[in-house]
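Chains as they are written, first to last, in UniProt numbering: chain A, 1 to 351; chain H, 1 to 351; chain Z, 1 to 351; chain G, 1 to 351.
Bear in mind the hints are in silico, worked out from the structure with no lab data behind them.
If chains are identical, the list can't say which one is meant, so a pair holds when it fits in one copy or spans any two.
Straight-line C-alpha distance at most 27 angstroms; calculated BS3-like pairs for lysine-lysine: (1) Lys283 to Lys42; (2) Lys42 to Lys71; (3) Lys42 to Lys191; (4) Lys71 to Lys5; (5) Lys255 to Lys168; (6) Lys94 to Lys125; (7) Lys94 to Lys2; (8) Lys94 to Lys71; (9) Lys255 to Lys283.
Protein chains: 4
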Amino acid sequence: MKTFKAGLVGITGYAGMELARLLVSHPSMRLSMACSRAEAGKRLGEYYPFLEHMPGSDVVISVFDAEQAAKECDVVFLAVPAGTAMDMAAPLLKAGTKVVDLSADFRLRDPEIYTEWYRHEHTHKDILPRAVYGLPELYAAEVSRASLIANPGCYPTSVILGLYAAIKNGLVETDDIVVDAKSGATGAGRKAALGTLFCEVSDNFRAYGLPTHRHTPEIEQEVSLLAGHEVRLSFNTHILPLNRGILSTIYTKLKNPATTLDQVREAFMATWAHSPWIRVLPKGSLPETRYVRGSMFCDLGLVVDPRTGRLTILSAIDNLCRGASGQALANANLMCGLPVGTGLDMLAPLP
Amino acid sequence: MKTFKAGLVGITGYAGMELARLLVSHPSMRLSMACSRAEAGKRLGEYYPFLEHMPGSDVVISVFDAEQAAKECDVVFLAVPAGTAMDMAAPLLKAGTKVVDLSADFRLRDPEIYTEWYRHEHTHKDILPRAVYGLPELYAAEVSRASLIANPGCYPTSVILGLYAAIKNGLVETDDIVVDAKSGATGAGRKAALGTLFCEVSDNFRAYGLPTHRHTPEIEQEVSLLAGHEVRLSFNTHILPLNRGILSTIYTKLKNPATTLDQVREAFMATWAHSPWIRVLPKGSLPETRYVRGSMFCDLGLVVDPRTGRLTILSAIDNLCRGASGQALANANLMCGLPVGTGLDMLAPLP
Amino acid sequence: MKTFKAGLVGITGYAGMELARLLVSHPSMRLSMACSRAEAGKRLGEYYPFLEHMPGSDVVISVFDAEQAAKECDVVFLAVPAGTAMDMAAPLLKAGTKVVDLSADFRLRDPEIYTEWYRHEHTHKDILPRAVYGLPELYAAEVSRASLIANPGCYPTSVILGLYAAIKNGLVETDDIVVDAKSGATGAGRKAALGTLFCEVSDNFRAYGLPTHRHTPEIEQEVSLLAGHEVRLSFNTHILPLNRGILSTIYTKLKNPATTLDQVREAFMATWAHSPWIRVLPKGSLPETRYVRGSMFCDLGLVVDPRTGRLTILSAIDNLCRGASGQALANANLMCGLPVGTGLDMLAPLP
Amino acid sequence: MKTFKAGLVGITGYAGMELARLLVSHPSMRLSMACSRAEAGKRLGEYYPFLEHMPGSDVVISVFDAEQAAKECDVVFLAVPAGTAMDMAAPLLKAGTKVVDLSADFRLRDPEIYTEWYRHEHTHKDILPRAVYGLPELYAAEVSRASLIANPGCYPTSVILGLYAAIKNGLVETDDIVVDAKSGATGAGRKAALGTLFCEVSDNFRAYGLPTHRHTPEIEQEVSLLAGHEVRLSFNTHILPLNRGILSTIYTKLKNPATTLDQVREAFMATWAHSPWIRVLPKGSLPETRYVRGSMFCDLGLVVDPRTGRLTILSAIDNLCRGASGQALANANLMCGLPVGTGLDMLAPLP
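Given only the sequences and the hints, what does the whole structure look like? Please build it.
Written out as structure tokens, the structure is:
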């Protein structure tokens, strides 16, 4: 089997750390380049002791250079902040290198909405139309043909996968959706900051970013596409005292209040019958973040409350793996003609 | 100042543990009786080493006996399971002893609703009308005159205090309220059980009890009273990997979508101006469970989202102190003619 | 490549849970039998939702029957309590089935010492001499030829691997060793018990089992073998508020107080040069439990304190994987003629 | 009762945060000045929302000015880094203001040892002899007469209190002491730093600072004083994934290996009979960090291992309260002529 050379820009963040873990174990990709301005010159295994004694651990960290990257890599992962990624993607695409961008730079179709929420101009509107929104269950065919992937945000992954079957099957109203999402602390990134110190996050729970989390327009864009009309919803985020995991509790109103849980479950199971990473849980079971930890699974739990006519959808993913780096690798697999799940069969190391 | 003799039945649970902590430090109450069938015969300080070297730590744990209790105590706290408490309360009341019941046995006005949700008959319907729902901010006068207190549930405390000003001031619709509540693991009690082992709760987040948590009818009863008409709402619970704290995120629709955050804040601040335990947070601040840990405070954060016409109310309490034992003691203070806050001026030991 | 049929007795404990995870992903073993008296009749994926959608998740849990097990399995893992395992092992061995026993039943050479520390008779002294102590780095050849493996305890694995190079190279005194070991809470097992509830373990740290932890004779037996004379040491255990991981801090006195850190490191690196799972950390680096989480690695850190003439060895492993189930699988690999690391190349999912 | 005016310099660190909590609740002290360069101008309750609605929460944070401080305060607490405190203390002392220094600046009698371990010159050697080492159980009389307190370090507090009775009663050898200490993450301070982010500390355990933690000379100085001769010991530190608490496991050799646990316990209990904050635990009980959380208690557990002739002493304190701010306040109480425990009767809020 052919081996593809993979480059990873931005290794010091949590998404980069997770991608490094996945790439050094991948059977058909080889980590051939790892970039970080701050850590350039170190061996990867020196910077990340948990990778020591693995093949890729001898790669020497370098400063990103587009020309060099295009030469050395078949595919480049950009795990850098929004606003930085687009300027790296452009020359790589020009040189014919495949790009998976984990930032938000190519997720929003409309560059004005991008500017409104991310507070700077989009400097590469020309390549924006080439970007494919990389949710493999929904867009595998498009991803396979793409050269540029806008890798979905972590929250949007959980919410879109949660709502998909409900909307596609016309089960719920789309004008009264409330999402109460909770994320592990890796979602806040790996910058030294007072607010994410251990002693500030542990033994604590709080909401943040209300009511204007940047993932709102991304979710609304994709849910509107599914619904066939513009959807506006309420999206609310909280930070959990744990490292990995997102649980989104999604409150919807049933179009027909008489719809039963069995009917909803049948629709969900039919929709996801051929998607092994989506697990519609049995009646009475609710998802737990630990069951998807470190994996590509998205566990869905369904609750119908006849008292209030609501369908509550619970969607759990690992924000780093399914919500970022694992999904990025799944997209790269597809772009390289590999089975989508290559190197991604990890199970949650419970407990 | 007179010293009141307090009895505590059910010391082995977390509510009992918290009450023991508060009572041994109380300036005007003396823990004169501590009951537990399983631990009878031990000194309190032997069973709870963290109380050792405190005055009350020499009380010997005994098996509850109503007659004895009535003799030895001015007020008795019942920190025992629902269904057990009512049979203990009846003889105590008869003997003229004040009772604060921390269970659900006297919270629901309608004994049929009690039976529907708690799955057993109410065996003391005769004394049910004497019970006062012990939310001091709302019912201090009634509590002062009462001999039997139905101490509110933890979730209901957070939700009712959260919604109170919004409903009293007519700010929100009452037919479309969604409560997404998250609680620390002490809420699950102190019984040995697989599901609450450290390794099952830590590094995990999940919902539970959907859509039929037993606190639902209690919340609806009290919110309906506030609203002046029957309110049905969606109440949903999650378990956090931390010991103490509840954060309820309460989603409401503004009656007038043009209402501003400033207007909402003014209404809340006016409503709570004379309630030192209710802290309406400044604009932009959101409550955190750690800020109320171990204390009587209820911190309220307010978010208006003009995009969706919603007012989101965040309400944080300590589920053990404000949501159970501290509130029970506040009620007992009132019943004894003491200032409501006597012995309850603890601050969160941050971090 | 041949596929071996593996049976797993005792799936409900944490060691069984971990083995289930490893076996359903193993390229050359197939989980063909999973036993638990309490959960018999359920599908594995029903009992462990995190395994759902994996090949082995359709195995139906059964009650252990030695005859049946011998028919259906090439190798059987016993993840059951000490005292129970030996009675299961005997008939399996008789029927020619390979056995890896994760309990302590075959670890101690001397059945009287077993009785002294485990408080019951050894009922199968006849097969005790056939048992090989399954530390692959030390006894791979013996393991390959064995039919019965005494899988090492978690603490002993960390301590023996930590001390091995120091003793083999004659660097330290053997009569003044103090081990201060700390373990994650999975080490306490998965029985419902008050002491291991989340709220009793979280936000807490304590020692336990002092001075008579049952792993003491196992460590002393193996260290004595290495030293060539009887060694008595001080072994002390603590419980950490985290799920997985052991860090043993091992205090020794240098035979020659002038020995330098460089000399010690050279000796360790030479000793472990061909053991990819043993990582001797660079100068100045100390092991962290997270770096070995869910993996087979044993990370060793070395500190020489010229002020006191001590060599302190820090040894970190994952107690469930390297300290139990992963090591059991490595032994089974060797017994089946497979490379020791087959199916065991997991990396710590950081953070 | 007279009210003393207290100033607090360095409110943003964890020691400052804890002192703020204690001072706003103190019956005989009033927080009259709170200093922080970074947060000057804010109200204390604005910066620390958990203090809102408390009397002292209206103090406006200011930049430290010695002259002003001397005017406004009877006693000033310096919760600032080592090296900074001494320059603040000098003018305050000159102006006759009492000073409690929580840094290390006045703890070491010998300024050359200070320079060796803290890497800068001692700029106020003249006032060094006036400093009293503020361990109330050992030096209450001296503290009462002092104008400058060197408040002990957190680790030294736990180790000295742990060893005191063993050394004073001549029970153990002093040339073979090993201390294995574990601390909560507040010990690492409140600076934004990668290494103390939640995701780097949680679900992890590691040693650090081996073999040269700065508290070593402080412990050796004080233990040598107790022993009457120079003592050199091995002091080793680890970081726990929890906020508060130190557990020091202290390994000693009994002078007489035949000494029984009962004899040791008797000696300890006699020594500490009149020290209510020191709790010698009953036989078979071991200290837990949670039992002392947020309090002034030091819990001591004793283990005699006849197999190895060792006495193991376990000493648990809250590193922030007993190990820093609470102890500082106890010293200030004594300096002001108040009972040592004024305002310090907090119990651990369990769990």
